[in-house]
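Chemist: Single-letter residue listing:
Protein chains: 2
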Amino acid sequence: MLKETICSQGQIAVQASKELSSMNSSEKNRILLKMASAIRTESCEILQANKMDLEKGRKNGLSEPLLERLTLDPDRIEGMAAGLEKIASLDDPVWQHLGSCKNDNGVEIQKVRVPLGVIGIIYESRPNVTADAAGLCLKSGNAVILKGGKEAINSNRTIASIMKRGGRGEGLPDGAIQLIDDTSRESTSILMKMNDYLDVLIPRGGKGLKKAIQENATVPVIMTGMGVCHVYIDSSAEPVMARRVAVNAKISRPSTCNAAETILVHSDVTGSILPGLVADLASEGVEVRGDERVIKEVSSVIPAKDEDWKTEYLDMIVSIKVVNSLTEAVDHINRYGTGHSESILTDSYESSQYFLRNVDAAAVYVNASTRFTDGGEFGFGAEMGISTQKLHARGPMGLEQLTSVKYIARGNGQTR
Amino acid sequence: MLKETICSQGQIAVQASKELSSMNSSEKNRILLKMASAIRTESCEILQANKMDLEKGRKNGLSEPLLERLTLDPDRIEGMAAGLEKIASLDDPVWQHLGSCKNDNGVEIQKVRVPLGVIGIIYESRPNVTADAAGLCLKSGNAVILKGGKEAINSNRTIASIMKRGGRGEGLPDGAIQLIDDTSRESTSILMKMNDYLDVLIPRGGKGLKKAIQENATVPVIMTGMGVCHVYIDSSAEPVMARRVAVNAKISRPSTCNAAETILVHSDVTGSILPGLVADLASEGVEVRGDERVIKEVSSVIPAKDEDWKTEYLDMIVSIKVVNSLTEAVDHINRYGTGHSESILTDSYESSQYFLRNVDAAAVYVNASTRFTDGGEFGFGAEMGISTQKLHARGPMGLEQLTSVKYIARGNGQTR
Numbered sequence: 001m002l003k004e005t006i007c008s009q010g011q012i013a014v015q016a017s018k019e020l021s022s023m024n025s026s027e028k029n030r031i032l033l034k035m036a037s038a039i040r041t042e043s044c045e046i047l048q049a050n051k052m053d054l055e056k057g058r059k060n061g062l063s064e065p066l067l068e069r070l071t072l073d074p075d076r077i078e079g080m081a082a083g084l085e086k087i088a089s090l091d092d093p094v095w096q097h098l099g100s101c102k103n104d105n106g107v108e109i110q111k112v113r114v115p116l117g118v119i120g121i122i123y124e125s126r127p128n129v130t131a132d133a134a135g136l137c138l139k140s141g142n143a144v145i146l147k148g149g150k151e152a153i154n155s156n157r158t159i160a161s162i163m164k165r166g167g168r169g170e171g172l173p174d175g176a177i178q179l180i181d182d183t184s185r186e187s188t189s190i191l192m193k194m195n196d197y198l199d200v201l202i203p204r205g206g207k208g209l210k211k212a213i214q215e216n217a218t219v220p221v222i223m224t225g226m227g228v229c230h231v232y233i234d235s236s237a238e239p240v241m242a243r244r245v246a247v248n249a250k251i252s253r254p255s256t257c258n259a260a261e262t263i264l265v266h267s268d269v270t271g272s273i274l275p276g277l278v279a280d281l282a283s284e285g286v287e288v289r290g291d292e293r294v295i296k297e298v299s300s301v302i303p304a305k306d307e308d309w310k311t312e313y314l315d316m317i318v319s320i321k322v323v324n325s326l327t328e329a330v331d332h333i334n335r336y337g338t339g340h341s342e343s344i345l346t347d348s349y350e351s352s353q354y355f356l357r358n359v360d361a362a363a364v365y366v367n368a369s370t371r372f373t374d375g376g377e378f379g380f381g382a383e384m385g386i387s388t389q390k391l392h393a394r395g396p397m398g399l400e401q402l403t404s405v406k407y408i409a410r411g412n413g414q415t416r
Numbered sequence: 001m002l003k004e005t006i007c008s009q010g011q012i013a014v015q016a017s018k019e020l021s022s023m024n025s026s027e028k029n030r031i032l033l034k035m036a037s038a039i040r041t042e043s044c045e046i047l048q049a050n051k052m053d054l055e056k057g058r059k060n061g062l063s064e065p066l067l068e069r070l071t072l073d074p075d076r077i078e079g080m081a082a083g084l085e086k087i088a089s090l091d092d093p094v095w096q097h098l099g100s101c102k103n104d105n106g107v108e109i110q111k112v113r114v115p116l117g118v119i120g121i122i123y124e125s126r127p128n129v130t131a132d133a134a135g136l137c138l139k140s141g142n143a144v145i146l147k148g149g150k151e152a153i154n155s156n157r158t159i160a161s162i163m164k165r166g167g168r169g170e171g172l173p174d175g176a177i178q179l180i181d182d183t184s185r186e187s188t189s190i191l192m193k194m195n196d197y198l199d200v201l202i203p204r205g206g207k208g209l210k211k212a213i214q215e216n217a218t219v220p221v222i223m224t225g226m227g228v229c230h231v232y233i234d235s236s237a238e239p240v241m242a243r244r245v246a247v248n249a250k251i252s253r254p255s256t257c258n259a260a261e262t263i264l265v266h267s268d269v270t271g272s273i274l275p276g277l278v279a280d281l282a283s284e285g286v287e288v289r290g291d292e293r294v295i296k297e298v299s300s301v302i303p304a305k306d307e308d309w310k311t312e313y314l315d316m317i318v319s320i321k322v323v324n325s326l327t328e329a330v331d332h333i334n335r336y337g338t339g340h341s342e343s344i345l346t347d348s349y350e351s352s353q354y355f356l357r358n359v360d361a362a363a364v365y366v367n368a369s370t371r372f373t374d375g376g377e378f379g380f381g382a383e384m385g386i387s388t389q390k391l392h393a394r395g396p397m398g399l400e401q402l403t404s405v406k407y408i409a410r411g412n413g414q415t416r
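Protein chains in written order, with our numbering: chain A, 1 to 416; chain B, 1 to 416.
Hints were generated in silico from the structure; no laboratory data involved. Built from N, CA and C at the ideal position, the CB exists for glycine as well. There's no promise every hint is true.
[Unchecked claim] Far from chain B, some chain A residues (derived; all Cβ distances over 10 Å):
| hint | residue |
| --- | --- |
| 1 | 51 |
| 2 | 89 |
| 3 | 173 |
| 4 | 189 |
| 5 | 238 |
| 6 | 245 |
| 7 | 271 |
| 8 | 315 |
[Unchecked claim] Calculated lysine-lysine pairs in the DSSO-like style (CA-CA distance at most 30 Å, straight line):
| hint | chain 1 | residue 1 | chain 2 | residue 2 |
| --- | --- | --- | --- | --- |
| 9 | A | 210 | B | 310 |
| 10 | A | 3 | A | 211 |
| 11 | A | 3 | B | 210 |
| 12 | A | 211 | B | 211 |
| 13 | B | 3 | A | 111 |
| 14 | A | 164 | A | 56 |
Assemble the whole structure, with the sequences as input and the hints as a guide.
Modeler: Written out as structure tokens, the structure is:
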């Protein structure tokens with residue numbers, strides 16, 4: 001029964017994707033602007049729905065970072081509306097010309113961008129993803145099937161239905177934006193095998209979801225948002241800057257995937273860095289776990305277990321490890337990192353170049369917080385998630401990352 | 001035991017991929033040129049090995065198209081060597097600059113191309129793929145694990161070992177090019193779950209392989225080379241050109257994935273097209289299957305079954321169907337096609353534009369043979385296969401398609 005419902009949503013989405021792929025930019029932009037104004041006009045309805053989700057969440061004992069992710073306020077609702085307007089202002093990627101050649105026989109070959117078709121996205125508690133994902137998919141000519149988390153079901157339902165109501169008057173095709181009204185794992189299992197209707201499935205979420213999808217999906221998948229991110233403080237780092245950036249990477253929004261989970265410190269500077277760094281973190285309320293050499297320097301630190309190096313806390317917890325060299329830092333990162341965002345704090349040009357070249361991740365920073373890995377910061381307007389795989393898209397996924405290509409070739413009777 | 005062997009090949013490949021990713025273009029080009037000259041020098045050894053494969057193939061009753069694919073001759077060996085030289089002459093995609101921005105905080109963000117890492121490729125009888133794949137992977141900074149078909153095992157072993165011998169003196173890392181010395185399905189099953197060592201698996205081959213991989217692979221996959229390609233003869237097509245191109249698309253090399261399998265003919269021109277077209281095909285030795293309306297026009301045609309519309313013959317067989325309109329042709333293609341190569345033969349500008357926009361395939365042609373979908377014809381030097389999926393790569397896969405991206409960002413202490 002659930003399977004039939006979701007498959008029929010898939011069918012409608014395929015139909016809608018055909019209409020969407022041939023809509024021109026101004027038609028799509030008009031819909032986006034209308035959806036933005038609908039979100040503004042109906043913000044009370046969204047806040048009410050969100051309140052229901054928050055009350056249920058508190059009753060069910062959701063952790064503080066999860067409640068923080070779930071929360072909407074007038075600012076965040078304005079952010080959703082502004083995000084849709086920003087997407088409307090971006091260049092339309094569809095039918096963009098990517099190059100051309102004339103082969104020896106005179107056939108003119110052009111490469112153009114085309115939409116992917118139907119995009120499925122599975123996401124957790126953050127309800128603004130509903131608006132961002134729908135907006136990006138619409139502008140890139142794709143139909144979207146949204147599956148949000150159970151914690152946010154009332155917020156998501158309300159946001160999706162407001163956008164659909166708003167867009168319909170401006171020609172939004174039926175089935176262009178659909179929310180799955182089931183938050184159980186069963187609908188995820190159905191989506192991951194829906195090859196007839198889905199061109200790609202984008203899971204945003206934790207390890208469990210990722211593992212289930214990696215092992216069972218038959219549709220093409222883009223893995224996003226697993227972030228065991230590191231900040232490495234090199235021996236040459238300017239100490240005040242190093243402490244400031246490392247602390248920011250941890251605490252500015254710990255529930256996001258680009259927050260730092262582990263800080264690596266060069267053994268030459270443990271004395272000058274660790275006491276102040278740990279004090280800064282502790283004063284912000286961060287629980288600090290460290291290896292033996294960290295504890296030797298600051299005895300209040302909790303001993304880290306092997307498990308800690310691979311853990312994405314998404315919380316006010318950090319692990320700190322002392323390394324003997326830049327190469328040891330890079331090896332640790334390539335071993336335990338998830339290929340998301342990695343930063344070196346250094347004053348050495350050579351170290352910075354080595355780090356940028358050899359760390360294998362979507363985004364690699366010198367003297368900046370890992371927190372900058374974000375569609376907004378990268379100029380994409382919004383994002384569908386941050387890809388941590390190498391295939392198709394890596395890093396924040398904006399409009400371009402939601403397209404494929406097509407070669408169109410014009411001849412006058414050429415044969416081979 | 002087999003699993004351990006293949007996993008240890010995977011480990012060595014990962015090691016090699018790290019070395020390869022930091023080699024500069026001239027180092028890689030020297031290796032490619034050396035491999036090309038080794039292939040020329042040792043061509044007798046390759047021909048001998050190929051002769052063994054061909055004899056075994058004939059004894060085992062391989063079909064003519066398969067034997068044709070398997071066959072190497074001095075020209076084809078020269079083609080492999082020239083292909084490696086061509087790859088050496090192409091621009092190195094690694095560390096290519098793809099764009100940059102400065103965010104509001106002053107962090108400079110650059111997007112650059114990086115290798116994928118370790119690429120696995122499973123291919124069937126054509127032994128030149130061994131050289132093409134190894135050359136493309138090397139130039140794009142990737143390690144490659146090759147699994148060829150059992151029919152070509154002697155040819156593949158010889159080609160791989162000649163390339164490795166040739167390249168080693170010029171600094172080819174151990175493990176950069178590895179052939180799996182097992183041609184059973186078991187090694188395919190191992191490869192498709194080797195997430196620790198493979199960044200992508202590219203299966204080139206038939207429906208059975210594709211299905212097994214789609215259902216079971218846990219590694220990222222790029223599906224290639226499934227080609228149920230169509231030529232549609234529009235009512236306005238110039239008849240002589242139309243017949244010539246349609247026949248070429250079928251017969252010029254029927255064992256390739258870009259060969260046409262079905263010809264669609266507009267109902268207005270059945271009388272002027274079909275008799276001549278069927279006669280041309282028959283005189284070339286093509287078995288023609290058609291729907292009722294085709295048979296009504298040319299009684300010698302064999303009745304086509306529903307199965308025929310979805311069949312990739314890869315042989316001297318073609319199916320012909322009469323359609324009432326351009327839209328019926330496009331609907332048929334989008335339903336039965338595999339998203340590979342599709343061609344319209346027409347003199348109508350409007351029909352050509354409709355076809356180019358609405359046919360959902362990697363390559364869409366006007367007045368040219370589907371046979372042009374090929375890495376060489378598209379200026380890529382060689383190809384790893386022709387992707388029939390939308391994710392990551394679509395159409396012929398050359399150097400660019402074997403890369404991912406990385407964002408590198410330089411700041412001076414920015415936080416968020």
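Chemist: State for each hint whether it applies.
Modeler: Results for each hint:
Every CB of chain B lies more than 10 Å from the CB of residue 51 of chain A, the least distance being 29 Å, so the non-interface label holds. Even its closest Cβ contact with chain B, about 16 Å, leaves residue 89 of chain A beyond 10 Å, as expected for a residue assigned away from the interface. The non-interface label for residue 173 of chain A is consistent with chain B: the shortest C-beta to C-beta separation is roughly 16 Å, beyond 10 Å. No Cβ of chain B comes within 10 Å of the Cβ of residue 189 of chain A; the nearest lies about 14 Å off, and the non-interface call holds.
At roughly 8 Å from the closest C-beta of chain B, the C-beta of residue 238 of chain A falls inside 10 Å, breaking its exclusion from the interface. The beta carbon of residue 245 of chain A is not kept farther than 10 Å from every beta carbon of chain B, the shortest such distance being approximately 6 Å. The Cβ of residue 271 of chain A sits about 22 Å from the closest Cβ of chain B, beyond the 10 Å cut-off, so the non-interface label holds. For residue 315 of chain A, the shortest C-beta to C-beta distance to chain B comes to about 18 Å, beyond the 10 Å cut-off, and the non-interface label holds.
Proposed proximity of residue 210 of chain A and residue 310 of chain B is contradicted: the alpha carbons are some 34 Å apart, above 30 Å. For a cut-off of 30 Å, the pair hint linking residue 3 of chain A to residue 211 of chain A stands: about 22 Å separates their Cα positions. Distance hint between residue 3 of chain A and residue 210 of chain B is fulfilled; the C-alpha atoms sit about 25 Å from each other, no more than 30 Å. About 21 Å separates the Cα atoms of residue 211 of chain A and residue 211 of chain B, which keeps this hinted pair within 30 Å; it holds.
Between residue 3 of chain B and residue 111 of chain A the CA atoms are separated by roughly 41 Å; this puts the pair beyond 30 Å, and the hint is violated. Of the supplied pair hints, the one linking residue 164 of chain A and residue 56 of chain A holds, its CA atoms being roughly 26 Å apart against a limit of 30 Å.
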